[in-house]
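**Student:** Chain residues, written in single-letter form:
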Amino acid sequence: MTSQGLLKTEAMVEQLELMGCIQCGKCTGGCPVARKTELNIRSLIYQMLVEPELDVDTHPELWDCTCCFTCVERCPKDVRPADLIIGLRGQLVESGRVPDTIGDALMGIFRQGNPTGIAREDRAAWAKGMEIKAAQEGCEVLFFVGCTPAYDPRVQGVTRALVRAFAAAGLDFGTLGTEESCCGNEVRRMGEAGLFEMLVEENGELIRSVGASRLVAPSPHCFNTFKNEYNLDGIQVLHYTQLVAELIEQGRLKLTQEVKKTVTYHDPCFLGKQNHIFDEPRAVLKAIPGLKLVEMDRSRERSLCCEGGGGRMWAEGTNLQERLAFQRVREAAETGAEILAVACPFCLLTLEDAVKVQGLDHSLQVMDIMELVDLALG
Amino acid sequence: MEVGGWRSNEMRNSCTTFPKAGSLREGPASRVPPSRKLGAFGKVRPAALVIGGGIAGIQAALDIADAGFPVYLVEREPSVGGRMAQLDKTFPTLDCSACILTPKMVDVGRHPNIELMTYSEVVAVTPPSPPLTGGGERGRFRVQVRRKPRYVDVSKCTGCGSCAAACRMKGRVLNRFDEGIAKRSAIYVPFPQAVPLKYTVDPTACLYLSRGTCGKTFLCKDACAAGAIDFEQQEEMVDLEVGAIIVATGFDLLDARLKPEFGYGVYPEVMTGMEFERLSSASGPTMGKIAVNGKEPKDVVFIKCVGSRERRREQAAPGSVPYCSRVCCMYTAKHAHLVRDKLPDARITVFYMDVRAFGKGYEEFYDRVKHERVMYRRGEPSEVYRRGERGDQGGRLVVLAEDTMLGKPVEVEADLVVLANAVVPRTDMADVAGLLGLERSPDGFFQEAHPKLRPVDTCVDGIFLAGCCQGPKDIPDTVAHAKAAAASALGVLVRHSSSTHSSSTHSSSTHSPGGRPT
Chain D
41 MTSQGLLKTE AMVEQLELMG CIQCGKCTGG CPVARKTELN IRSLIYQMLV EPELDVDTHP
101 ELWDCTCCFT CVERCPKDVR PADLIIGLRG QLVESGRVPD TIGDALMGIF RQGNPTGIAR
161 EDRAAWAKGM EIKAAQEGCE VLFFVGCTPA YDPRVQGVTR ALVRAFAAAG LDFGTLGTEE
221 SCCGNEVRRM GEAGLFEMLV EENGELIRSV GASRLVAPSP HCFNTFKNEY NLDGIQVLHY
281 TQLVAELIEQ GRLKLTQEVK KTVTYHDPCF LGKQNHIFDE PRAVLKAIPG LKLVEMDRSR
341 ERSLCCEGGG GRMWAEGTNL QERLAFQRVR EAAETGAEIL AVACPFCLLT LEDAVKVQGL
401 DHSLQVMDIM ELVDLALG
Chain H
2 MEVGGWRSNE MRNSCTTFPK AGSLREGPAS RVPPSRKLGA FGKVRPAALV IGGGIAGIQA
62 ALDIADAGFP VYLVEREPSV GGRMAQLDKT FPTLDCSACI LTPKMVDVGR HPNIELMTYS
122 EVVAVTPPSP PLTGGGERGR FRVQVRRKPR YVDVSKCTGC GSCAAACRMK GRVLNRFDEG
182 IAKRSAIYVP FPQAVPLKYT VDPTACLYLS RGTCGKTFLC KDACAAGAID FEQQEEMVDL
242 EVGAIIVATG FDLLDARLKP EFGYGVYPEV MTGMEFERLS SASGPTMGKI AVNGKEPKDV
302 VFIKCVGSRE RRREQAAPGS VPYCSRVCCM YTAKHAHLVR DKLPDARITV FYMDVRAFGK
362 GYEEFYDRVK HERVMYRRGE PSEVYRRGER GDQGGRLVVL AEDTMLGKPV EVEADLVVLA
422 NAVVPRTDMA DVAGLLGLER SPDGFFQEAH PKLRPVDTCV DGIFLAGCCQ GPKDIPDTVA
482 HAKAAAASAL GVLVRHSSST HSSSTHSSST HSPGGRPT
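Each protein sequence line maps, in turn, to chains D and H. Every position in the first sequence, counted from 1, becomes a number in my numbering once 40 is added. Every position in the second sequence, counted from 1, becomes a number in my numbering once 1 is added.
Treat the hints with caution; some may be incorrect.
List of simulated lysine-lysine pairs, DSS-like, C-alpha gap at most 30 Å [said to hold, decoys possible]:
1) K371/H - K343/H
2) K361/H - K371/H
3) K117/D - K453/H
4) K117/D - K371/H
5) K343/H - K299/H
6) K76/D - K299/H
7) K409/H - K76/D
Calculated directly from the structure, the hints in this document are not laboratory data.
Turn these sequences into a full structure, and let the hints guide you.
**Tutor:** Shown next, in the form of structure tokens:
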């Protein structure tokens, strides 16, 4: 083993206030990944506390963490275990010792402003044929599209559905077009603190210059970082389900077409656990005529992570066989639902894959809430 | 205000009872005419007010009364008894809680020096005027107590229960004493050993009182041979003057729904420790049979520290308190023992972070329970969920935890999960603090004057704390605290008697130093 991976523990123990840990194990006990890989955050914290050095290179499972933050939410001593994983990843990133696919994603963001590495000029290609105002001209609501909603062919349909709904409600909104860059939420969680800071500076300046009073993001990941990690001078940050629920509530968005489907809803970690938004997505679904909402056993605070966060969209992790998404779609199928509704582009992709792999695609369809709203708008 | 009539009935009962050997029989109360504006004890001798009729208030009231001073014991509920009355057995001796508590409840009910004011609340307290200025008796608190209407004339009610049997709401009202496991009528006694054993109409459940109509005829009234039911009854205000106040308002238990990861309120198999007490109690709704969904559990999991010992940066975080609740380790050990006693083949798992068995006989009890095939596993569970099909036949609950000794995540199936939810300050602590001018410590409980040297005193002279209103305590500590509060209150009362009533032959003769009242 190279000595390259040896990390002096003392500074990080202090910085992250790990001394408060009482080793109760509630973090690892609730960690969805700990059940399938070697990742044991409670044990890592203990090693940090009692050993002068930690060999980071011997822990490839550090890349397994999805940053669902179940550990942070439940820690009785406010230790924020996931922050240690992010910190340790940072050590690896600094010396370039990261999985190739993570490196590619970071490089894509650095060069083109998105993890796929597709050209920046194509960022607004999803909106071809739609009339969308440039936010730079001034608007009430800044629609921050995000990378996956902008570039992924499957998710682009959701993005367009959201635009149709905004237009139907007469919302004054605009996008940043090709000037928009990755929000950095995943960048930070992959340990690339420097790149994250750069993105916060660039995006922050651009967003503030628009003068919008509200920012809406389709991805809970963008929403999370804008809300909690940027300083946006009082701009109200919303997830799209919050805004759409509000438009329905105000009568500006009228859902008239019946959608006679039994639907269950999967709470995304970055929306539910981390930001406690549980009710608005359900309110939108309940407003759709004819739709029957059923709940999975593990819902709201106990929702099972789809394994798409924390950089896992670009890294397979150490256990390829058992995916949490497989378990999740089986749970969805058990409810008898025909549709598994999601409110996050990563959940949409991971769960849709899982439905196919599990052979459930004849009975269970994964749809974003906006796609259902689109049907109800007629 | 005329209040003597009601009181005198309770007193009449007590005076016809054969006195206990060794206690005071000839108290001043029995000499006071029953009808007067002030509370019955009046000014003859300085009285004490005890707020709260749990074990702390009961013990403090008995100690003061036995020393020869009058006591008003005010309890919000229809009966005294408090939390201890709800318990099954007590650790570490496994005495039946009701068996050791009930005699004390009966004593406060018939003690000639105690005026029991149940179903009543203190609504105003005026502190003593500064010395040598006018207004009221020097050094005395003026107290106003609201007696809520029971809609039952307690002088007539015999406690026979015919009314409850006849009530249209019979079996439809959640019984809070049984933690909602059992149901009662709208007219009720909280539990069979209630003191006083007088029925009370629950105004929120009674059809007549809540909706204005109850069929063509009042079934309860028809059933009551004593003619005790009186829907015209009004609340009464009673004015008291007291020399000392003991606050014994007790505690609440954390609403376990605030820990959503454990599924309390979602799964019938997940219950709180207090619910388990009622389930296990021989006088409880299941006669002590431990059953969930009608079946005896095969796997029982206990989760300790639910909401306790949580240091959260968001101070407002609901569902967590920073302190150790002090009783959970031992009552969980007791629960595990009770399960083993009743279900010899059950698999019993206790998940713990630490085991705190610090009292007399406690570590020994923990040892004993471990030898009774109770598996202690170190690790605070993170989640409870149901695996597989829903419904009675299908999926079982799974407790997710890390066994930190193994260093591995584990999944333990369970038919019953018992949560040791935190002891928390009562929700109306702020109101009571405002009423009495008390301070609260950062944990929300009432602040004692000194954390080590003045554990029952408060920042207000003459007001003392007893029991869990000052912080979580087990029964022995609560009783010790209550006895200390009583001793301190007696100090004040004796001082008052010797200074303000030095001319009274009665006072001086009954309170000679060191002498027992005669």
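**Student:** Does each hint hold? Answer for all of them.
**Tutor:** Against the structure, the hints:
no.	hint	verdict
1	K371/H - K343/H	holds, 16 Å
2	K361/H - K371/H	holds, 18 Å
3	K117/D - K453/H	holds, 27 Å
4	K117/D - K371/H	holds, 28 Å
5	K343/H - K299/H	holds, 12 Å
6	K76/D - K299/H	holds, 28 Å
7	K409/H - K76/D	holds, 11 Å
Violated hints: none; the structure is consistent with every hint.
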